[in-house]
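Here the protein sequences line up with chains V and U, keeping their order.
Sequential numbering from 1 applies to the first sequence in full-length UniProt numbering.
Sequential numbering from 1 applies to the second sequence in full-length UniProt numbering.
To be clear, the hints were calculated from the coordinates, so they are not data collected in a lab.
Source: prediction; values computed, not measured.
Among the hints, erroneous ones may be present.
[To be verified] Below, simulated DSS-like cross-link-like pairs (lysine-lysine); rule was C-alpha separation at most 30 Å, straight line:
1) V:Lys-114 / V:Lys-93
2) U:Lys-114 / U:Lys-214
3) U:Lys-50 / V:Lys-50
4) U:Lys-214 / V:Lys-214
[As the list claims (entries may be wrong)] Covered, in the sense of this in silico footprint (three residues per stretch, anywhere, with C-beta under 8 Å from a C-beta of chain V), are these stretches of chain U:
5) 65–79
6) 189–198
Even glycine gets a Cβ: it sits at the ideal position worked out from N, Cα and C.
Number of protein chains: 2
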Amino acid sequence: MPTPPASQPAFVLVEPQMGENIGAAARAMWNFGLDRMRLVAPRDGWPNPKAVAMASGAGRLLDAAQVFETTAEAVGEADFVLATTARPRGLTKPVYSPEAAMAEIAARIRDGQKAAVLFGPERAGLENSDIALANGIISVPVNPDFPSLNLAQCVLLTGYEWRRATSEVTPRTVEMAGTEWANQAEIDALSRHYEERMEEAGFFFPDHKAETMKRNLRNLWSRMPLTRSDVQTFHGMLRQIVRWKDRGG
Amino acid sequence: MPTPPASQPAFVLVEPQMGENIGAAARAMWNFGLDRMRLVAPRDGWPNPKAVAMASGAGRLLDAAQVFETTAEAVGEADFVLATTARPRGLTKPVYSPEAAMAEIAARIRDGQKAAVLFGPERAGLENSDIALANGIISVPVNPDFPSLNLAQCVLLTGYEWRRATSEVTPRTVEMAGTEWANQAEIDALSRHYEERMEEAGFFFPDHKAETMKRNLRNLWSRMPLTRSDVQTFHGMLRQIVRWKDRGG
Numbered sequence: 001m002p003t004p005p006a007s008q009p010a011f012v013l014v015e016p017q018m019g020e021n022i023g024a025a026a027r028a029m030w031n032f033g034l035d036r037m038r039l040v041a042p043r044d045g046w047p048n049p050k051a052v053a054m055a056s057g058a059g060r061l062l063d064a065a066q067v068f069e070t071t072a073e074a075v076g077e078a079d080f081v082l083a084t085t086a087r088p089r090g091l092t093k094p095v096y097s098p099e100a101a102m103a104e105i106a107a108r109i110r111d112g113q114k115a116a117v118l119f120g121p122e123r124a125g126l127e128n129s130d131i132a133l134a135n136g137i138i139s140v141p142v143n144p145d146f147p148s149l150n151l152a153q154c155v156l157l158t159g160y161e162w163r164r165a166t167s168e169v170t171p172r173t174v175e176m177a178g179t180e181w182a183n184q185a186e187i188d189a190l191s192r193h194y195e196e197r198m199e200e201a202g203f204f205f206p207d208h209k210a211e212t213m214k215r216n217l218r219n220l221w222s223r224m225p226l227t228r229s230d231v232q233t234f235h236g237m238l239r240q241i242v243r244w245k246d247r248g249g
Numbered sequence: 001m002p003t004p005p006a007s008q009p010a011f012v013l014v015e016p017q018m019g020e021n022i023g024a025a026a027r028a029m030w031n032f033g034l035d036r037m038r039l040v041a042p043r044d045g046w047p048n049p050k051a052v053a054m055a056s057g058a059g060r061l062l063d064a065a066q067v068f069e070t071t072a073e074a075v076g077e078a079d080f081v082l083a084t085t086a087r088p089r090g091l092t093k094p095v096y097s098p099e100a101a102m103a104e105i106a107a108r109i110r111d112g113q114k115a116a117v118l119f120g121p122e123r124a125g126l127e128n129s130d131i132a133l134a135n136g137i138i139s140v141p142v143n144p145d146f147p148s149l150n151l152a153q154c155v156l157l158t159g160y161e162w163r164r165a166t167s168e169v170t171p172r173t174v175e176m177a178g179t180e181w182a183n184q185a186e187i188d189a190l191s192r193h194y195e196e197r198m199e200e201a202g203f204f205f206p207d208h209k210a211e212t213m214k215r216n217l218r219n220l221w222s223r224m225p226l227t228r229s230d231v232q233t234f235h236g237m238l239r240q241i242v243r244w245k246d247r248g249g
């Protein structure tokens, strides 16, 4: 059976140290639907039981992870490689925000290319020799006074941007799914109900302010984003309080 | 010295359990320049040495963290509150992507408002009673097969979007210039006023539905874009109708 075309980038962990961090990175990838992990010379060998313990629920990624001796081998088949690094490194490379990086990778993958993202070892970060293999750098806009993202966090943010770049339904705007909004007639009826009862109750006082008060009240109802159910609640409260009045408290 | 205007949202951890997670959340906040942490009833008390050990480098946030008994107190002064939650909860609330959420909060803060973001306890997530206090929900677009973000990861992604929303100044059209919006404490007071009177009037009936009805009503008030003047109108109507009742119609 032929290999299906790469529909996502490989995430390459270069010389990761603690197994726990590899497991946490696997979880972070799978949180955003990514499952192609590659490892370059993991310090404590492979497989690593501590990675498995931490990965719970995303252990499949570890089983399927490919292990390489060098970064060059790990990215050998890729058409486009980006390196995550917090610090500028004195190498001339295009610098991408995570968002721009994943948009670029998504576009290239749609064009049939293969892509990989490099993540450095926990403390040291990527060596210049690894960064030199990349077409560009991903720089996360962290607080310059505290740029201490760990490996799994860096994977998480990159995976999040991958998902944003590729999910068909990106809710950029506010939605309120399944909500039945009240229509204008229903809002009008509600407004009249309150106006009538408030008139009876003597709310619109003094007389010379009554018209302005009524207009403001109508305006208030019409400005509110009321659902059908909200409208029923407001009717219900008013009816109940009138019943309370009628039975003398 | 007068308090400087809020230039960032407060991040409110509701009933956090392990100290390590509070420390990790502090680090995640400070990675993106956020330093206003609030805690609601931390399980293991406060201060917590495990939180301090984990927060290394961001310990200042823990020293400055404000601790509250209830979520309502923690968000009392906020004009706009969003709740992070993975699951739809059967409450009618606007749903924001992290990006849309932080853009909205950034815009409101530029307009002089105060904002807060709620994060639930590690396992259980936020209770509906907490979510009812929020104006909307933040939903992270995770893999539906593996939606297992932990507390610090959720804080990290939200903080990241805050940084993205604020690192470039995007102009926003000011709507309803000069409007004084009601703050959360004023909305709460209004909500309580209606709840108390409606209780007296026998609105919350039958008994087994009373709690749901109350929660829905609180949720209704918190969803409405009420001005100070609107709040006064609603108080005024209710007071007047009670007077009407008291004088026997």
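Taking the hints in turn, this is what the structure says about them:
no., hint, in the structure
1, V:Lys-114 / V:Lys-93, "holds, 19 Å"
2, U:Lys-114 / U:Lys-214, "holds, 26 Å"
3, U:Lys-50 / V:Lys-50, "holds, 22 Å"
4, U:Lys-214 / V:Lys-214, "holds, 28 Å"
5, 65–79, "violated (count 0)"
6, 189–198, "holds (count 3)"
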